[in-house]
Every structure is written in C-alpha cells, then in structure tokens.
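Chains as they are written, first to last, in my numbering: chain A, 15 to 202; chain B, 15 to 202.
A couple of the hints might just be wrong.
Just so you know, same-sequence chains aren't split out, so a pair can sit in one copy or run between any two.
DMTMM-like, lysine to aspartate or glutamate: derived pairs with alpha carbons at most 20 Å apart [as the list claims (entries may be wrong)]: (1) K78 <-> E182; (2) K41 <-> E118; (3) K184 <-> E104; (4) K16 <-> D121; (5) K78 <-> D121; (6) K200 <-> E182; (7) K16 <-> D126; (8) K78 <-> E118; (9) K200 <-> E87; (10) K135 <-> D154; (11) K16 <-> D158; (12) K16 <-> E118; (13) K190 <-> E87; (14) K88 <-> E127; (15) K190 <-> D169; (16) K66 <-> D56; (17) K184 <-> D169; (18) K16 <-> E171; (19) K190 <-> E171; (20) K41 <-> E127; (21) K200 <-> E118; (22) K41 <-> E104; (23) K184 <-> E87; (24) K135 <-> D121; (25) K88 <-> E151; (26) K16 <-> E127.
Keep in mind that the hints were calculated from the coordinates and are not lab data.
Protein chains: 2
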Amino acid sequence: MKRSIGARTILYPTPVLVVGTYDKSGKPNLMTAAWGGICCSDPPCVAVSMRKATYTHGNIVARKAFTVSVLSEKQAPLADYYGITTGRKEDKFSRSSVSAVQSEVVDAPYADEFPLVLECKLIHIVEIGLHTEFIGEIVDVKADPQILASNGLPDAEKLRPFSYAPGEQKYYGTGKCLGSAFSIGKTI
Amino acid sequence: MKRSIGARTILYPTPVLVVGTYDKSGKPNLMTAAWGGICCSDPPCVAVSMRKATYTHGNIVARKAFTVSVLSEKQAPLADYYGITTGRKEDKFSRSSVSAVQSEVVDAPYADEFPLVLECKLIHIVEIGLHTEFIGEIVDVKADPQILASNGLPDAEKLRPFSYAPGEQKYYGTGKCLGSAFSIGKTI
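Sequences and hints are given; from them, build the entire structure.
Spelled out as structure tokens, the structure:
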C-alpha cells in the first residue's frame, strides 16, 4: 500500500545545473539550479527555473542568454557553493578560484574549469508561480576533451556527473552502468 | 582547450520518467520520457516533453492529467521497454506484468509496482518545436513505505534511482553519497 507524502517537488535524479550569466554591467555570475532539464530535441533546448528574487533571474531577462554547466563529482562542493551565495554580494568566480570565459556564441559566461557547458539563447519565458522557467535554445555544447568517448560525445564514466537527492538533500555520484537504452527493454 | 561538440541535447543526469496516462477510451498507458524535470516549487510542478506523434501527447491533451513515476535500478529494463514501444499497438501494463492503479486525485493511472509516483494535473502547454512541454502541478506524491527514510521522505539509497546518459545512451545507477547540499559548499 503506497503512502501519500503530499504535494512535493520530489524527483530522482534531480540535476545540479550551474547557470552562468552576465549582469547588466557585464559582471559574470554563477548560480546552481536544481529545477530544469532538456525540454526539446529540435531545436535542442534546455529549461532552467529561477525564483524572481535571484540575481540570475534578472540577468537572464536582461541579457537573454545563459550557459548551463555540468560538473564532476569532485566539484560537488563548488556547485553547492554557487547555490548558497548570491552574486549580488560576492564575485563567485573569484571566490571559488575559477576563470570566467566569455561564450563565443551567446552573451553569457562559463568557467574554464567546468567539463561540460551548454551555451543557450533565451527563446521562451514561462511564468509558473514562485519560479519562472527560462527555455534556452542550445546553440553549442563545449566539452573538455578528457570527458569525451571515441564517438566524440561525453562519456559518463569519464565525466562522473552527480545528482541532487531532494528527499535527504544530499548529492550522489555516478553509479554502475545498468545497460544500453533502447535495448535492455527488449526482453520484456 | 574545450572542444565544440555541436548543438546537442546532452545533459547529465538526464532523468528516466515513466509517464502514465489514459487515452480517450480510458485505456491506461505508460511511456518513458527523458526530457523533463521539476520546474516550480510553488505550486509544485514537474515538466515532461513529448513529441506530438506520441500516443501520450494526445492522452495528456485529452485528459489534462498524467503521473510521473521514478523506478528503481532493477526496474531499468521496464523503463526502457516503455520507451521503445507504443501504446497504440500494445497494452504495456499487461505486457510488462504490472498492475494499473487509478490515481485518486488526478485522471491518470500508474503501476502499483512503481516505488515513487507524482500525480499531476496539466496547467500549462508550451509548444517549443518538435516537443511539446507539458507542465503539471503535482497534486500528491505516493511512495512505497520501503523507500522512505525516518523523516517520511524518499531515501535515495533505498529507492536506488537511475539516470540516462545521453552521450553513450546507457543507464547508470545511484553512486556514492558525496555530502549534504547547502553544506559542502561552505568550505569554498
């Protein structure tokens, strides 16, 4: 018998998305968002949701662009840091000792130390409630060569991404490979 | 030096969301979606994106409700199966030997065998491109008691969720705990 646990934002895995933006004056900022994910294949798009109170919300509205970076397990403290401080009060790039790189394709920054970066231009704003959902078209993806497999695409075992577990508010790393998609279900 | 890998829907972790719907005649169906995630805290909402060609797309438009279930590692073949077949041609509940349960709060089904279920009523439809994004308000969450921690919320080590790795098109299980959110970043 299932138990009702109430109307809650409990989903697994929840991503840990590091969103890079410039403010009106051109100061680069980073913020960690857990609400988001890919939302369209063509055009390729990713959604990130922000509270209106955040510095990043205003930056995305002003510059109409953002980056979304995926960090490796060993960088989990960095991602956590970007989520617990505000760019209004400190320079998060400097404080976390990472180097701001200006995207060549969109008006947004990312950190050179981040292994995987989606460069996005804003194409939709959806006002939902406490959060505004920003849908960005992925104009290009930049990756460190060390995380790429021989097919030229990221390899999870090299990237070692991690996720957020909302029930216990902890981060979990990459587990064991369970098999190939579009394949292991054929036994059913 | 980062490498450009093109405009691609590459994000980690990508979730494996099993979406439950009824069709116009009341037949229950399940479909696996990788594009989606939580998109608002208040009201609590989850987004799932579907191609218009899918059976589930028409079902959500018709019934204005859906469920989103998270499966455990050992159920990865089931989730894969729901993604490689269409409910137009077969009864996926029957074929996969799971029992359809009608949600008591929304007009959508789920399987009794799924450990964590979000019950959603449709509140927004966003036409993006190939995919339509459906935003559902989470009306309630149902969980098997075995996956709950002492705080009454899901415990990732008991649920053992898994994710989809889009680069290599493989599923990966839950890895080791990396620390507490809103905490490990304080060392920066």
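To see whether the hints hold, each was checked on the structure:
no., hint, verdict
1, K78 <-> E182, "neither (34 Å within a copy, 31 Å between copies)"
2, K41 <-> E118, "within (16 Å within a copy, 50 Å between copies)"
3, K184 <-> E104, "neither (25 Å within a copy, 39 Å between copies)"
4, K16 <-> D121, "between (47 Å within a copy, 18 Å between copies)"
5, K78 <-> D121, "within (8 Å within a copy, 37 Å between copies)"
6, K200 <-> E182, "between (34 Å within a copy, 18 Å between copies)"
7, K16 <-> D126, "between (46 Å within a copy, 8 Å between copies)"
8, K78 <-> E118, "within (15 Å within a copy, 42 Å between copies)"
9, K200 <-> E87, "between (32 Å within a copy, 16 Å between copies)"
10, K135 <-> D154, "within (10 Å within a copy, 34 Å between copies)"
11, K16 <-> D158, "between (44 Å within a copy, 5 Å between copies)"
12, K16 <-> E118, "between (50 Å within a copy, 12 Å between copies)"
13, K190 <-> E87, "both (14 Å within a copy, 10 Å between copies)"
14, K88 <-> E127, "within (12 Å within a copy, 35 Å between copies)"
15, K190 <-> D169, "both (13 Å within a copy, 18 Å between copies)"
16, K66 <-> D56, "between (28 Å within a copy, 12 Å between copies)"
17, K184 <-> D169, "between (24 Å within a copy, 10 Å between copies)"
18, K16 <-> E171, "between (35 Å within a copy, 18 Å between copies)"
19, K190 <-> E171, "both (9 Å within a copy, 14 Å between copies)"
20, K41 <-> E127, "within (18 Å within a copy, 50 Å between copies)"
21, K200 <-> E118, "neither (43 Å within a copy, 32 Å between copies)"
22, K41 <-> E104, "within (11 Å within a copy, 55 Å between copies)"
23, K184 <-> E87, "both (12 Å within a copy, 19 Å between copies)"
24, K135 <-> D121, "within (8 Å within a copy, 36 Å between copies)"
25, K88 <-> E151, "neither (28 Å within a copy, 34 Å between copies)"
26, K16 <-> E127, "between (44 Å within a copy, 10 Å between copies)"
Comparing the model with each numbered hint stated earlier shows that hints 1, 3, 21 and 25 do not hold.
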